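In the numbering used here, the protein residues as written are 13 to 119.
These aren't lab readings, by the way, just hints derived from the structure by calculation.
Worth double-checking, as some hints may not be accurate.
Claimed, not checked - Pair by pair, the computed Cβ-Cβ distance ranges are:
no.: 1; residue 1: Asn25; residue 2: Ala78; range: 36 to 42 Å
no.: 2; residue 1: Gln64; residue 2: Gln27; range: 38 to 44 Å
no.: 3; residue 1: Gln114; residue 2: Glu41; range: 24 to 30 Å
no.: 4; residue 1: Leu30; residue 2: Thr91; range: 39 to 45 Å
no.: 5; residue 1: Ala78; residue 2: Thr33; range: 48 to 54 Å
no.: 6; residue 1: Phe42; residue 2: Val86; range: 47 to 53 Å
no.: 7; residue 1: Gln114; residue 2: Asp83; range: 19 to 25 Å
Keep in mind that this is a model prediction, so the values were computed, not measured.
The beta carbon of each residue, even a glycine, is placed where N, CA and C say it ideally should be.
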Amino acid sequence: MYRQILVHPEDRNLQRILWRTSGDEPVKEFQLNTVTYGLSCAPYLAIQTLHQLASDEEDQFPKGAAVIRRDTYVDDILTGADTLEEARDIREQLTHLCAAAQWIEQR
13 MYRQILVHPE DRNLQRILWR TSGDEPVKEF QLNTVTYGLS CAPYLAIQTL
63 HQLASDEEDQ FPKGAAVIRR DTYVDDILTG ADTLEEARDI REQLTHLCAA
113 AQWIEQR
């Protein structure tokens, strides 16, 4: 999940990696563009991203947005429904809601 959350371009300088495979090589510099797994802020950023997505897409996917707000822990969703049809509807809304994040970045 973390690798799907883009870091704002102004903050990417804070995620640099210096690398070389041997002492004879010049140092290569890399910059991470997504949230880095293992950072203490990563779970917060993941949850905040999902909550923002739920707010942005609530009009189109109300059941999915409610489940994200109520039944999500980091990237795990545990919810239920009274009928199989309702469960399928929730699953479909969650799938489309999460897929909408791809389009937000491209807008």
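- Violated hints - listed by number, lowest first: The structure breaks hints 2 and 6; every other hint is satisfied.
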